[in-house]
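Based on the sequences and whatever the hints tell you, model everything.
Chains as they are written, first to last, in the working numbering: chain A, 1 to 380; chain B, 1 to 380; chain C, 1 to 380; chain D, 1 to 380.
Take the hints with a grain of salt, since some may be wrong.
Claimed, not checked - Pair ranges (Cβ atoms, derived):
#, chain 1, residue 1, chain 2, residue 2, range
1, B, Leu193, A, Lys215, 29 to 35 Å
2, B, Ala157, C, Gly153, 54 to 60 Å
3, C, Gly153, A, Gly245, 42 to 48 Å
4, A, Glu217, B, Lys190, 32 to 38 Å
5, B, Thr177, A, Ala126, 56 to 62 Å
6, D, Asp187, C, Ala189, 55 to 61 Å
7, B, Gln179, C, Gly153, 31 to 37 Å
8, D, Arg4, A, Ala126, 39 to 45 Å
9, A, Gly156, C, Gly304, 24 to 30 Å
10, B, Thr177, A, Gly245, 22 to 28 Å
11, D, Ala183, A, Asp122, 19 to 25 Å
What the hints assert, rightly or not - Covered, in the sense of this in silico footprint (three residues per stretch, anywhere, with C-beta under 8 Å from a C-beta of chain B), are these stretches of chain C:
#, stretch
12, 25-31
13, 290-303
14, 319-326
Derived by calculation from the structure, the hints in this document are not laboratory data. Idealized CB from N, CA, C, for every residue including glycine.
4 protein chains.
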Amino acid sequence: MGDRLTYAMIGGGQGSFIGAVHRMAIALDGTATLAAGAFSSTPERSKASGAALGVAEDRAYGSFGELVEGERGRENPVDFVVIVTPNDAHYPAAKACLEAGLHVVCDKPFTVTSAQAAELRDLASAKRVMCAVTYNYSGYPMVRHAAELVRTGGIGAVRKVYAEYHQGWLATDLEKTGQKQAAWRTDPAKAGLGGSLGDIGTHAEQLVRFVTGLKVEQVCADLTTFVPDRRLNDDASVLLRLSDGAKGSLTCSQVCVGEANGLSLRVYGETGGIVWRQERPEELTITRLDGSKTMLSRGIEAVGPRGSMASRLPGGHPEGFIEAFANLYRGVGEAIAAKRAGRSATGLGSEVPGAEDGRLGVRFVEACLESARGDGWVAV
Amino acid sequence: MGDRLTYAMIGGGQGSFIGAVHRMAIALDGTATLAAGAFSSTPERSKASGAALGVAEDRAYGSFGELVEGERGRENPVDFVVIVTPNDAHYPAAKACLEAGLHVVCDKPFTVTSAQAAELRDLASAKRVMCAVTYNYSGYPMVRHAAELVRTGGIGAVRKVYAEYHQGWLATDLEKTGQKQAAWRTDPAKAGLGGSLGDIGTHAEQLVRFVTGLKVEQVCADLTTFVPDRRLNDDASVLLRLSDGAKGSLTCSQVCVGEANGLSLRVYGETGGIVWRQERPEELTITRLDGSKTMLSRGIEAVGPRGSMASRLPGGHPEGFIEAFANLYRGVGEAIAAKRAGRSATGLGSEVPGAEDGRLGVRFVEACLESARGDGWVAV
Amino acid sequence: MGDRLTYAMIGGGQGSFIGAVHRMAIALDGTATLAAGAFSSTPERSKASGAALGVAEDRAYGSFGELVEGERGRENPVDFVVIVTPNDAHYPAAKACLEAGLHVVCDKPFTVTSAQAAELRDLASAKRVMCAVTYNYSGYPMVRHAAELVRTGGIGAVRKVYAEYHQGWLATDLEKTGQKQAAWRTDPAKAGLGGSLGDIGTHAEQLVRFVTGLKVEQVCADLTTFVPDRRLNDDASVLLRLSDGAKGSLTCSQVCVGEANGLSLRVYGETGGIVWRQERPEELTITRLDGSKTMLSRGIEAVGPRGSMASRLPGGHPEGFIEAFANLYRGVGEAIAAKRAGRSATGLGSEVPGAEDGRLGVRFVEACLESARGDGWVAV
Amino acid sequence: MGDRLTYAMIGGGQGSFIGAVHRMAIALDGTATLAAGAFSSTPERSKASGAALGVAEDRAYGSFGELVEGERGRENPVDFVVIVTPNDAHYPAAKACLEAGLHVVCDKPFTVTSAQAAELRDLASAKRVMCAVTYNYSGYPMVRHAAELVRTGGIGAVRKVYAEYHQGWLATDLEKTGQKQAAWRTDPAKAGLGGSLGDIGTHAEQLVRFVTGLKVEQVCADLTTFVPDRRLNDDASVLLRLSDGAKGSLTCSQVCVGEANGLSLRVYGETGGIVWRQERPEELTITRLDGSKTMLSRGIEAVGPRGSMASRLPGGHPEGFIEAFANLYRGVGEAIAAKRAGRSATGLGSEVPGAEDGRLGVRFVEACLESARGDGWVAV
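Encoded structure:
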């Protein structure tokens, strides 16, 4: 355990939802130990969060700049940095870390503009460090099995894709009630211009690419702000044209009253199809030409290696959101070990979404915004 | 029983699928008795079908023209005519019947062009006869309850609609194998230009209007023919702009391998939502702001009068497709009785989709075809 | 159509639920025409019901005795008689019909005592007429496919069976409110002593035998009357020992609040299992050693001949309770035709549950009552 | 973090499944740090496991006796001991720990005989230390909400309970293949005589008590060994008589081919019912007298405090098996803190199943074994 990895966190202080999720995901498998952080926008609150989280006082920094500076000067700096701030701070924080040669794990959407994303991608490449983006839904075992199945011809050439991400939590003007999550996510200055597309649509878009291996080539989008006075869209319907002649639709919404976190993916090919729903993540349905459907579930023999290596428990013992997230971090750990050993990452380490993945998501949002302004098809 | 209604059928001879369905739906409740028909395109086959169906020889006609002529001359002509031919023959057959003052029940899509549909609508109106269109999915009790709920404010003002109709039976080139249903439905001369939109998309479009009471104002469509050599589209994705600022998407496909008859409707309003799936037609889920979902099923106390009057059995005793179809015919029976009595139709009789309903479906298809040619929004 | 079958009904007058179901099931496929009846316990009400149902006045009889007498004297008597009275009248009515050489279709539970059932069975045999018992749930196509699968080794030797029939409609003292169905079904004089076992448990018991082909050899039962003042049990839990070493449990209840008609069957063998639920009757799940599950549905290629011949519509077009019931009557029609032709019934005609089936159900109830009195295992 | 709790583990060395689960559950929330252990039955393997788990060499003990001795002699001994050995070692290990005044968390079934269990219960009480039993399924938020609902009258007085625990993993003679889990669980010397009842039935039995608050007063059981040569039962069907006149059935099986971990509970009272299934643990269905069903899910407003405090993530972000397990450990942490502070445990700390809970489970198994030998009802 002397060589267990350590990490720092930028953002994720008291009151943050997603910071705690990242920490649980890292703790679950003992992937790394939290050793430093710039948890909040003020030094006092950052130190208070650090103390509550067991971080040594001198490593609870007042800003991401101080963190990079401080860790750089230490004999044993952290092995990687997790960035979980609101969207607008991803770019400067990631840039500072990458320039200092620190591995980065950044929340999605990666950046505010695709130009920033390209810059970070190139910087990581030049510095030979990892820059991962936490598209955590691709960490579910049954998503990984779906990808294995679809990419190896299990349903024939892909024809049609239906991706949905329907939530209802912003169906009212929650941002006016002081709810912190709602406030920053509907504020263009903090969240960028993507609205529901940036917040959740990008997860669906990445799943499409992750499972099918196809590119999103063109989009035709209709964006709507249903809640009065809201400054960003809270609903989007997008037609997709994918590579190799496949077609699709992607709908995301935060005003589908009563829906909690309704992310789903359906892919139909020439000889079969797959259906996956995030709220029942352990189940994958495969449709067949003869009309029968096969239901696979995590942990059974019939699931292949990509799904199995992302699994911890026997079938029927439900794994969920944190476990899927933790699969990304197990991959991060493996990828760092591989880099140190001068070898290619294997297993989970080869499945970690990277900066180019992040850039594609940001570019997808940009293209949808362009399409919605002009009512037509836009190239991604 | 002396005054039980009688009907004639145009089309629906031996080998027809949908003709038999209409007959079972009419028989189920004893709504009417088959007394005449022009069942096939040749007099011999029409007579053979008539004989098999117990129709008197002199009322098994060789063509719809002869049927209209023959019934007109009888003391007790049939009370209504059911038209279940391929799409192209709907218009001339309906026109002949309406001109003769016969009530008409016509399969969907109503006509090939919306101009034809408008003409039939006006003709029926001028002749004061009924011209019903068998949008049979609106006959399900839980669809009717959904309409009652949504139209009376049960989910607040409607914001978003998701309509789907996904089948897989045309995922291969079935029309080349001699399968009769596939052959005419993929033949522009028989089916019109609508392809999957005309064949199944119009059902989904009607459900949207039936349940929400909103108009489909604009469409933006992407149509695809996935199976090589097929002459009509077999897949469509359509963005919808509805009246009162509501938005939606409608996807229909006949290449979703393994899906049988996946028609579904989801509607979200300001305070709730409804989810209905045709393959489990007895269930209706209502979503709520507090995140709970209520599952209603046909036959329970909690279902209101519109759903209840379309129900025959206690809850838990599944009613299905034929029963829903039969509800339309019970409505037809009631509507005819009302016309005779010089009163307005009530109950099921007031729920029968009519010619204007049929016209809207045809116009929807036309608008989607226009949009798909020009890549943009088109007014319906 | 001149040779369409005709039938008479005993019971099933105005206000009867099940009589109307039988008539719809017979009408759906045009199996037979209602030509006579003794619909109610008083001649006046019987005639009124007959008139409403289109039965000629002279064939609307005042009692089953008159009906047998009257039809016997006609040149063209009815082809079969349907008995849908409360349970206590099944035996005398069936006996009179059988003695007159009329085919009988009798509702379940067949009789009040198993001795009566054996007598009727032997009488039918001696008279060479059909005596069918309407175990209608075995008419579902997917139940028939399950039987085909299980009986031909599709899941290996059967080990364990779980049969359930859970309703909630008698959770309160509905019989005190004047509700007719509740009143007679909880009255020992009308319903026999079986209570919930006789009313619904026998359906579950028959499904066990129908699907597995095994005998119920021993039972150990606990019966309960939960609703105060009720005179019959409204809940039963029964342990089963089947032939060939299989085991099982059967629970039926009419006090499971909120459950409508929750009949289900699960059977596990050495190499697989099947799961079927009446409220979603079109679906059959098959479980496998590798942990995958296959979902079959009515109408698809993967369903074998026994299921397919009980099907009318393409997959995805839901068939329900009436259609399943109608499959029994199509079988009755075929069986009568076979008898007339002096050949063995085939197809649906070979699947009609008979008098011995009915006797086994009555004996099952008797054995459970014995067990519940003495707290131990009783041979059936 | 200086005062974070520490724990030791007895059992759970390399190759153990459940030991790793306990460690993940403790790590997830940072409840305690693993500081010592007697992980295996040989000192060498124990040390090797300790090293792999980051335990200091001098605290990786060769036996539970050494562990108790060693920790007793330290200034800062572990705060609690987790016992995850095969069943036969629970009793001696727990006794040693309790006698030394160490808090104990013991896997289920608690002991081999109920007399042992009673002794441990009394010993813990005398020593004023905690003796928890990891009935982990009661840690699910929706189980806790169900308990809150049922115990506060939400479904009226309980009438009927259906508890099931159906697995298929022992449908073949897996124990002959060298599979370690199968080997000890089917070995009477290691597992006790309970077979499937001890291994999984006790979880179902505890859920019945946990959710309803009722006692299991009498049982009538049929036990079966389906797989040839197996030395313990692999299937059980049990009729239950509960306190206050409630009735029920409990079935558990390890030969239900294709079922993974099918634990479920249904409870019906005078005015409603609840349905919960472990494989979809986030969902709880409530049935109602009017026939509607309400589906609640973890994380929504409509879930009360008992469920909410066992929840970490917003609704729709699935929590699973490890999270439920971790809720027990958060309770253990809180209970220890409460003991130190001389106050009663609150919140999760008040929900930890204890030694009496464990004893009831063992006694339930004993009563079932007695009943199965004599074919009748036995008092628990």
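Coverage criterion applied to the stretch 290-303 of chain C (partner chain B; beta-carbon cut 8 Å; 3 residues): holds (count 3)
When you take the CB atoms of Thr177 (chain B) and Gly245 (chain A), is the distance between them in 22 to 28 Å? 24 Å, holds
Does the beta carbon distance between Arg4 (chain D) and Ala126 (chain A) stay inside 39 to 45 Å, or does it fall outside? 41 Å, holds
Do the Cβ positions of Gln179 (chain B) and Gly153 (chain C) conform to the proposed distance bound of 31 to 37 Å? Holds, since Gln179 (chain B) and Gly153 (chain C) (Cβ atoms, about 33 Å apart) stay within the stated range.
Confirm or reject the claim that Gly156 (chain A) and Gly304 (chain C) have a C-beta distance inside 24 to 30 Å. 26 Å, holds
19 to 25 Å as the expected CB spacing between Asp122 (chain A) and Ala183 (chain D), which holds or is violated: 56 Å, violated
Per the hint of 54 to 60 Å, is the separation of the Cβ atoms of Ala157 (chain B) and Gly153 (chain C) within bounds? 58 Å, holds
Given a hinted range of 56 to 62 Å, is it respected by the beta-carbon distance of Thr177 (chain B) and Ala126 (chain A)? Since the Cβ atoms of Thr177 (chain B) and Ala126 (chain A) sit about 58 Å apart, the hinted range of 56 to 62 Å holds.
CB-CB spacing for Gly245 (chain A) and Gly153 (chain C) relative to the 42 to 48 Å hint: 45 Å, holds
Should the hint that Asp187 (chain D) and Ala189 (chain C) are 55 to 61 Å apart at their CB atoms be regarded as holding? 57 Å, holds
Annotated coverage of the stretch 319-326 of chain C by chain B, confirmed only when three residues or more have a Cβ within 8 Å: The restraint on the stretch 319-326 of chain C holds, since 5 of its residues have a Cβ under 8 Å from chain B and three suffice.
Between the stretch 25-31 of chain C and chain B, are there enough contacts, at least three residues with CB-CB distance under 8 Å, for the coverage claim to hold? With 4 residues closer than 8 Å to chain B, the stretch 25-31 of chain C meets the three-residue bar; holds.
Checked against the numbered hints given earlier, this structure breaks only hint 11.
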